[in-house]
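> Single-letter residue listing:
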Amino acid sequence: MTEVTLPARFDGLEMVRGLRLPARLEFTYTAGQATTRFLTHLAEKRIVGQRCPSCRKVYVPPRGACPTCGVPTTDEVVLANTGTVTSFCIVNVAFYGGSMELPYVSALILPDGADIPLMHLIQEIPAADVHMGMRVEAVWVDEDADGRVPPSLESIRHFRPNGEPDADPATYADHV
Amino acid sequence: MGAERVAIVGIGQTHHTATRGDVSIAGLVREAAQRALDDAAMTWSDIDAVVIGKAPDFFEGLMMPELYLADALGAVGKPMFRVHTAGSVGGSTAIVASDLVASGVHKRVLTVAFEKQSESEAMWALSTPFPFSPPMHAGAGGYFAPHIRAYMARSGAPDHIGIMVALKDRLNALKNPYAHLHEPDITFDSVKDSFMLWDPIRYSETCPSSDGACALVMVDESLGDDAAAAGRNPAWLHGTALRSEPTLAAGRDQVSPWAGRECAADVFAQAGITDPRKQVDVVEMYVPFSWFEPMWLENLGFCGQGEGWKLVDTGVTEMTGDLPVNCSGGVLSSNPIGASGMLRFAEAALQVRGQAGEHQIDGARTALGHAYGGGSQFFAMWVVGSAKP
Amino acid sequence: MRDIAIVSFAQFNSPIERQRNEVEMIMPVVGEVRDRISITKDKIDFVCSGSSDYLAGVPFSFVTTLDAVGPWPPISESHVDMDGAFAVYEAWVKLQMGKIDTALIYAYGKSSPGDIRRTVTRQLDPYYLGPLWPDMHSIAALQARQLLESGQITEADMAEVAARSRAAAAANPHAVVSGTESAEELLAAPRTYDPLRAHDCPPVTDGVAAVVLAAGDVARELCDRPAWIRGIEHRIDPHALGVRDLTRSPSAAAAAKAAGVADGTVDVAELHAAWSHEELLLRRELGLGDDVDVNPSGGALCANTMMATGLIRMGEVAERIWAGNADRGVAHAASGPCLQQNLVCVLEGE
Numbered sequence: 001m002t003e004v005t006l007p008a009r010f011d012g013l014e015m016v017r018g019l020r021l022p023a024r025l026e027f028t029y030t031a032g033q034a035t036t037r038f039l040t041h042l043a044e045k046r047i048v049g050q051r052c053p054s055c056r057k058v059y060v061p062p063r064g065a066c067p068t069c070g071v072p073t074t075d076e077v078v079l080a081n082t083g084t085v086t087s088f089c090i091v092n093v094a095f096y097g098g099s100m101e102l103p104y105v106s107a108l109i110l111p112d113g114a115d116i117p118l119m120h121l122i123q124e125i126p127a128a129d130v131h132m133g134m135r136v137e138a139v140w141v142d143e144d145a146d147g148r149v150p151p152s153l154e155s156i157r158h159f160r161p162n163g164e165p166d167a168d169p170a171t172y173a174d175h176v
Numbered sequence: 001m002g003a004e005r006v007a008i009v010g011i012g013q014t015h016h017t018a019t020r021g022d023v024s025i026a027g028l029v030r031e032a033a034q035r036a037l038d039d040a041a042m043t044w045s046d047i048d049a050v051v052i053g054k055a056p057d058f059f060e061g062l063m064m065p066e067l068y069l070a071d072a073l074g075a076v077g078k079p080m081f082r083v084h085t086a087g088s089v090g091g092s093t094a095i096v097a098s099d100l101v102a103s104g105v106h107k108r109v110l111t112v113a114f115e116k117q118s119e120s121e122a123m124w125a126l127s128t129p130f131p132f133s134p135p136m137h138a139g140a141g142g143y144f145a146p147h148i149r150a151y152m153a154r155s156g157a158p159d160h161i162g163i164m165v166a167l168k169d170r171l172n173a174l175k176n177p178y179a180h181l182h183e184p185d186i187t188f189d190s191v192k193d194s195f196m197l198w199d200p201i202r203y204s205e206t207c208p209s210s211d212g213a214c215a216l217v218m219v220d221e222s223l224g225d226d227a228a229a230a231g232r233n234p235a236w237l238h239g240t241a242l243r244s245e246p247t248l249a250a251g252r253d254q255v256s257p258w259a260g261r262e263c264a265a266d267v268f269a270q271a272g273i274t275d276p277r278k279q280v281d282v283v284e285m286y287v288p289f290s291w292f293e294p295m296w297l298e299n300l301g302f303c304g305q306g307e308g309w310k311l312v313d314t315g316v317t318e319m320t321g322d323l324p325v326n327c328s329g330g331v332l333s334s335n336p337i338g339a340s341g342m343l344r345f346a347e348a349a350l351q352v353r354g355q356a357g358e359h360q361i362d363g364a365r366t367a368l369g370h371a372y373g374g375g376s377q378f379f380a381m382w383v384v385g386s387a388k389p
Numbered sequence: 001m002r003d004i005a006i007v008s009f010a011q012f013n014s015p016i017e018r019q020r021n022e023v024e025m026i027m028p029v030v031g032e033v034r035d036r037i038s039i040t041k042d043k044i045d046f047v048c049s050g051s052s053d054y055l056a057g058v059p060f061s062f063v064t065t066l067d068a069v070g071p072w073p074p075i076s077e078s079h080v081d082m083d084g085a086f087a088v089y090e091a092w093v094k095l096q097m098g099k100i101d102t103a104l105i106y107a108y109g110k111s112s113p114g115d116i117r118r119t120v121t122r123q124l125d126p127y128y129l130g131p132l133w134p135d136m137h138s139i140a141a142l143q144a145r146q147l148l149e150s151g152q153i154t155e156a157d158m159a160e161v162a163a164r165s166r167a168a169a170a171a172n173p174h175a176v177v178s179g180t181e182s183a184e185e186l187l188a189a190p191r192t193y194d195p196l197r198a199h200d201c202p203p204v205t206d207g208v209a210a211v212v213l214a215a216g217d218v219a220r221e222l223c224d225r226p227a228w229i230r231g232i233e234h235r236i237d238p239h240a241l242g243v244r245d246l247t248r249s250p251s252a253a254a255a256a257k258a259a260g261v262a263d264g265t266v267d268v269a270e271l272h273a274a275w276s277h278e279e280l281l282l283r284r285e286l287g288l289g290d291d292v293d294v295n296p297s298g299g300a301l302c303a304n305t306m307m308a309t310g311l312i313r314m315g316e317v318a319e320r321i322w323a324g325n326a327d328r329g330v331a332h333a334a335s336g337p338c339l340q341q342n343l344v345c346v347l348e349g350e
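Protein chains in written order, with the numbering used here: chain A, 1 to 176; chain B, 1 to 389; chain C, 1 to 350.
Warning: the hint list may mix true and false statements.
[To be verified] Examples of chain A residues lying across from chain C (beta carbon under 8 Å, computed):
#1 10
#2 19
#3 33
#4 67
#5 81
#6 82
Keep in mind the hints are simulated off the structure, nothing from the lab.
Where is the CB? At the ideal position from N, CA and C, for every residue including glycine.
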């Protein structure tokens, strides 16, 4: 490190080694048309994906563009509230902004009818019993007086086993 | 019209550590750059252009850092460029810098990649949920853990493979004075017994968060010849490749991404490598969670699908094996995110120059540097050799 | 050096885009830039983009927007957190190596989600300048003040630039601001960031732009009159404002010289002058005479899609060359406080 010679009058002064500089920026995000539709459906407890007109794959959550074809995905496809666990991990560490009780299971769940898994929580089963191929169903938060829930993926509180036998590996092999 | 040959004649890095409280961001990058210049027996005024790279600007809260760093990196009055390709950025930055020489646009380029994670909220920047998406996974580890689990299921790999890789890399790091983590007391059991963060990833199988910078000086063929004549053997560039694929696409294989396979095939073809397992002497690959080593070995074509863990299990990737991987200790031992990719590229170059000191592989003549980023979707790779291509 | 040309261009700007997110905005523009020359995505050899996380308010923001170009099969791709003009530079360098013949560059930015005036302060020296949060108009105003005090420009000159730009923008469907006021009328408006007035400052703009580059004969196949890049250079000045003479931009002059601006007649120049005084300064640094048609698009004063403004300047010049309205033009891009970093590109039709 370069040695710096300071004037004598600086002797004994404490060097400033660092500065803590809080910064705050506020943003108003635009969900975009695809996400807006997805969230609107969620408010009515429907999981709705979008199909690419070119490759015919169903994306959930949809983002308006097929990432492989680069074309708009506009056909809506209502998906079941059930799906298959294609993979998962058990989270033992709290993270910034998280409020889940530890440990919890974060899983990739392939909703029936979709071609891409979405990430969500698995609960109502010991973490050690969660396994690939497990069949699960969405558990929603309580509806309000109008029968609606907040327009957010957090309105699905979690997924839980639905009692069906494990999925045939062939049905999700592409996703492992 | 062919591309100009590129020689790497200067390599420098900082001592990676949790907090460099003694230098500012400018001081950090300058330290690495100065070391690279000294290694190249060059001065700041010899440089024609500067290329920097780092991970997202939200890490340090500094937008477009090339503006602030122009003075510190001697770029005033010169072209200065900044690359950003997520985690692979250190690698892609080196590639953009090498393109400036390979294209004949410049003769002497300084490139620096860095991250001052102690001055950042890296965990926040990595975990901050995308708008309108609830935060489901706990940072990078939580994102990759399910894919690692999928690899284990696919390949039938035994549980201890991840532990072996972590142990190997941390023991290798003891031979690298620049590495962040120096754990002389580490053992198989200490790794195995460490806290399980995101099952199946343990604490000791996870990369640290580091302050660090890496710099390279690249020159054209004639200047490379001059360096060789002066006894400073360059590392010669044999190939570079970049590939990207979408984040969430139906049909993506996040265990062995198509983009990774394509990128490796491209860079090996450029370097005239038809049998990587035999022709590559040493590998520096981007392994932030130990299980990525067997996964990348397969993805890069060093072995068949499902065979990567066997290379680990039989000691092939140890420094004593015939395909040493991450002799520097790798990302598992030092992870200044923006610099990590360039460190892989730099360590590969150090090996073929015979400059890797205690972690040198004798007779290393061909080395692969590998970097990846995003959701295993951005890949940057280069092959360097001690002889000209 | 290999001959590389801009062969296609598309843009979209709006004052505030609340309906669509970035991916939804980018897709039609990328589609259009390809469709204009009937090129399919598999014929693009390299993709490079420019954007900034700070505009989006999301780290790694460019990662999701990549979906808009459909990178499947995997593509050779790179990204800069700089104006798209610099992404053009990266692609141009790669094309020089002779292994590829085409490149797609796109750049985008939504300035409306955050307070862009404050956001841009994050570019400044994080120890000494950033903590003061000097908004971008105030920073620009410092330079305007210096230019005025030095006698090199007058407020009337600035108003002329604004009036001319706003009038020209009326003919530009992609401008978000235009006007018919005279310079005198504009001078009567109150100062907002003394000595700047509202019309001296850039409008908040959300937008996307894209170009396609092609080499040699491939360019000739794709475009009747390619806009050849005869020179493309960039330079940077010191960061600290007090270290610089703010009445000058040496990096702009150096880039212009290296790019060979003075090697021929300049018919048209599109300058990344987001504040009116910047145009006056840049004219001088780039050596542009009064006969040069400057910012016929209305320039950044009439549409300032941050991170794409410089790229749009290139596209605007290219369009005029394709149309036969110009033979040789200059496109300029800038970055940083008070024109700290400058890129100059000389384009020519055959």
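> Please go over all the hints and tell whether each is borne out by the structure.
Taking the hints in turn, this is what the structure says about them:
no.: 1; hint: 10; verdict: violated (18 Å)
no.: 2; hint: 19; verdict: holds (6 Å)
no.: 3; hint: 33; verdict: holds (6 Å)
no.: 4; hint: 67; verdict: holds (4 Å)
no.: 5; hint: 81; verdict: violated (26 Å)
no.: 6; hint: 82; verdict: violated (27 Å)
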